[in-house]
Amino acid sequence: MITHKQRLAARQTRRGLRTAIAIVLLALMLFPVYWMLNISLQASGGTLPSTFFPSHPSLAGYTTAIHDQGQNLITSLLIAIGTVVLTLLIATPCAYALAQFRFRWISWALLAILISQMIPGIVIANALYTLYENIGLLNSIPGLIIANAANAVPFGILIMRSFMLAVPTSIVEAARVDGAGLVRAFLSIVVPISRNSLITVGLFAFLFAWSDFIFALTLTTKGNIVPVTLGIYTYLGAHISNWSAVMATAMLASIPAIILLVIAQKYIAAGATGGAVK
Amino acid sequence: MSDAKTLTTATEPAAPSYDTAPARRGGRRGEEIAKVLFVVPAALAIIALFGYPVVKNLVMSFQNYTLRTFINGKAPWVGLQNYVAVVSDELFTKALINTALFTIGSIAGQFVIGMLLALFFHKNFPLNGVLRALFLLPWLIPLIVGSAAWRAILEQDSGILNVTLESLGIINAPIPWLTSPNVALIAIILVNIWLGIPFNVTLLYSGLQDIPDELYEAGALDGATGWKAFWNITLPNLRAVVSVVLMLGVIYTLKVLDIILGLTQGGPANATQTIAVMSYQRSFVEFKFGQGAALSNILILIALVFAIVYLRANRRRFDE
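Sequences listed follow chains A and B, in order.
This note's numbering puts the last residue of the first sequence at 278; the count rises by one with no breaks.
This note's numbering puts the last residue of the second sequence at 320; the count rises by one with no breaks.
No lab work stands behind these hints: they were computed from the structure.
Among the hints, erroneous ones may be present.
[As the list claims (entries may be wrong)] Reference listing, derived: stretches of chain B covered by chain A, where coverage requires no fewer than 3 residues with Cβ under 8 Å from a Cβ of chain A: (1) 202 to 216; (2) 229 to 236; (3) 270 to 283.
[To be verified] Here are the simulated lysine to aspartate or glutamate pairs, EDC-like style, with alpha carbons at most 16 Å apart: (4) Lys123/B <-> Asp213/B; (5) Lys35/B <-> Glu173/A; (6) Lys56/B <-> Asp68/A; (7) Lys74/B <-> Glu133/A; (8) Lys228/B <-> Glu217/B; (9) Lys5/A <-> Glu133/A; (10) Lys123/B <-> Glu31/B.
[As the list claims (entries may be wrong)] Restraint ranges, calculated between C-beta atoms of paired labels, are given here: (11) Ser167/B <-> Leu165/A: 54 to 60 Å; (12) Gly223/B <-> Asn196/A: 41 to 47 Å; (13) Asn124/B <-> Glu133/A: 55 to 61 Å.
Computed from a prediction, not measured in an experiment: that's the story for all the values here.
No residue lacks a Cβ here, since even glycine has one placed at the ideal position from N, Cα and C.
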């Protein structure tokens with residue numbers, strides 16, 4: 001007969017085994033990222049090292065990467081921050097309106113937002129290129145910020161709206177009775193209450209813009225504005241002459257994702273399930 | 001999200017008491033305008049960034065729109081010529097087949113692996129949450145970074161995949177993953193599967209979490225455990241989530257550009273050409289914007305078919 005204690009021990013072993021399996025699966029999944037780190041730390045030219053550990057670690061790749069792509073990292077940072085600001089300014093009031101005001105056409109607006117997410121980036125790039133050429137926004141950071149808002153605004157509206165549906169109307173109405181205007185009530189009550197959803201949207205807007213490649217590729221032509229994704233693409237020619245520098249740049253370009261995953265996991269998880277977008 | 005609920009409640013706006021006071025009549029109209037102003041910036045953004053591009057692409061696809069257009073402002077109407085030109089190009093059939101293979105292969109791989117992982121993480125064990133969150137990393141890093149990492153792994157002579165396969169004796173000669181027309185499409189599908197797994201796991205996992213435990217308890221009493229429970233309880237209850245995951249997956253995969261440009265640029269010998277890549281090259285490499293627009297409209301048309309299925313699946317979910 002199996003005692004209670006034995007059953008408990010068996011269950012503990014099974015749970016421990018599952019954790020072990022999960023770690024192995026995760027290691028497989030993250031292997032490409034590890035490999036990037038590994039290569040980035042081995043001084044190499046055109047030949048790719050194939051040792052599993054950087055036994056003679058070198059930061060030469062990072063020195064070259066920062067020399068070649070430092071400016072591009074800053075360009076990407078400016079574009080990403082600009083996209084966050086623009087997205088929150090545009091999407092937050094709209095999300096609130098779609099959640100709380102009783103417009104007759106809300107279901108049409110939501111349908112339009114859903115459909116907008118199905119438009120391929122190349123369609124937007126095609127049209128914006130010809131427009132930007134005429135109004136002088138090609139090769140500019142504001143031009144790329146506006147283009148990146150295309151990815152982030154619909155996502156932001158959907159995420160924040162679903163959160164703001166839960167904001168009790170009574171709180172806002174109480175403030176209104178006390179004489180607060182519509183805008184005051186929105187800024188001093190709705191925005192603070194919805195802080196978490198604003199953070200989630202801000203983080204994703206940052207990652208969308210930071211990761212953007214299609215707009216970087218199509219809406220710049222001169223080489224004076226080069227987001228880091230485009231910098232990596234230029235590195236990745238038919239022949240790669242400095243693997244450690246390419247992988248070092250790729251690592252540097254992964255830093256925002258890694259940092260956010262570690263310190264802001266809660267918000268990332270909320271965006272990943274809530275949006276079902278990207 | 002309960003859009004169906006909003007739909008029904010939206011029809012009869014109940015006026016809050018402070019609005020009915022006669023002294024505030026003027027204020028009420030101001031208030032209606034203020035409410036609309038909340039939406040105006042977003043409406044303008046969506047019109048400018050989605051409405052305008054769709055219309056502009058449609059117009060451009062009937063014009064001879066080239067670099068010269070930027071100089072003399074002339075884009076003569078050419079009727080269906082752009083569509084005829086791209087469809088009769090022998091590359092088009094190849095790109096269409098590749099798009100289908102790439103999409104089907106990617107979605108099948110992502111979904112099956114994603115489902116297995118979601119079922120695994122649905123079980124209870126220490127560190128579950130942290131490990132599951134770390135699975136998101138490939139999805140959060142820029143696609144072009146993922147492509148760069150795989151360029152290093154798949155490199156023919158000293159890439160770690162060939163080195164490992166050779167040392168294990170599985171292959172005799174290195175496989176030219178990205179430089180042979182015979183395997184390049186398979187290679188980019190594998191990379192795209194890797195990229196899509198986090199998305200699939202996340203959504204399927206949250207779908208699994210929403211199935212009430214009581215259903216499994218009741219099923220277990222009737223002898224439904226293991227596979228039987230999966231077929232009779234899990235899958236039917238997951239149907240709405242599955243349809244959303246698959247449709248979104250298809251729509252996103254159809255427009256993939258970053259990964260293919262980063263890994264193969266549509267080569268070798270056009271083995272990885274898709275409609276999206278072809279459209280990019282017509283517009284931004286050959287500067288035949290009219291033809292590029294025609295191709296991207298064909299892409300929208302294909303996506304639209306799936307979008308309609310997706311919206312129907314969604315509506316059913318909202319009604320339930």
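Consistency of the hints with the structure:
By the rule of at least three residues with a Cβ nearer than 8 Å to a Cβ of chain A, the coverage given for the stretch 202 to 216 of chain B holds, with 3 such residues. Residues of the stretch 229 to 236 of chain B with a Cβ under 8 Å from some Cβ of chain A number 0, which does not satisfy the need for three, so the listed coverage is violated. A count of 4 residues in the stretch 270 to 283 of chain B with a Cβ less than 8 Å from any Cβ of chain A is obtained; the coverage claim is therefore met, three being the minimum. Restraint check for Lys123/B and Asp213/B: the C-alpha separation of about 12 Å stays at or below 16 Å, so the hint holds.
Restraint check for Lys35/B and Glu173/A: satisfied, since their Cα atoms lie roughly 14 Å apart, inside the 16 Å limit. Pair hint Lys56/B plus Asp68/A does not hold up; C-alpha atoms about 37 Å apart against a cutoff of 16 Å. For the suggested pair Lys74/B and Glu133/A, the alpha carbons sit about 14 Å apart, so the restraint of at most 16 Å is met. The suggested pairing of Lys228/B with Glu217/B holds, with an alpha-carbon distance near 13 Å, which does not exceed 16 Å.
Under the criterion of a C-alpha separation no larger than 16 Å, the hint pairing Lys5/A with Glu133/A is inconsistent with the structure, at around 75 Å. The hinted pair formed by Lys123/B and Glu31/B fails the criterion: a straight-line CA distance of about 52 Å is larger than 16 Å. Our hint of 54 to 60 Å for Ser167/B and Leu165/A holds, since their Cβ atoms are close to 56 Å apart. For Gly223/B and Asn196/A, the hinted distance range of 41 to 47 Å is satisfied, since their beta carbons lie about 44 Å from each other.
Against the hinted window of 55 to 61 Å, the Cβ-Cβ separation of Asn124/B and Glu133/A comes to about 57 Å, which satisfies the hint.
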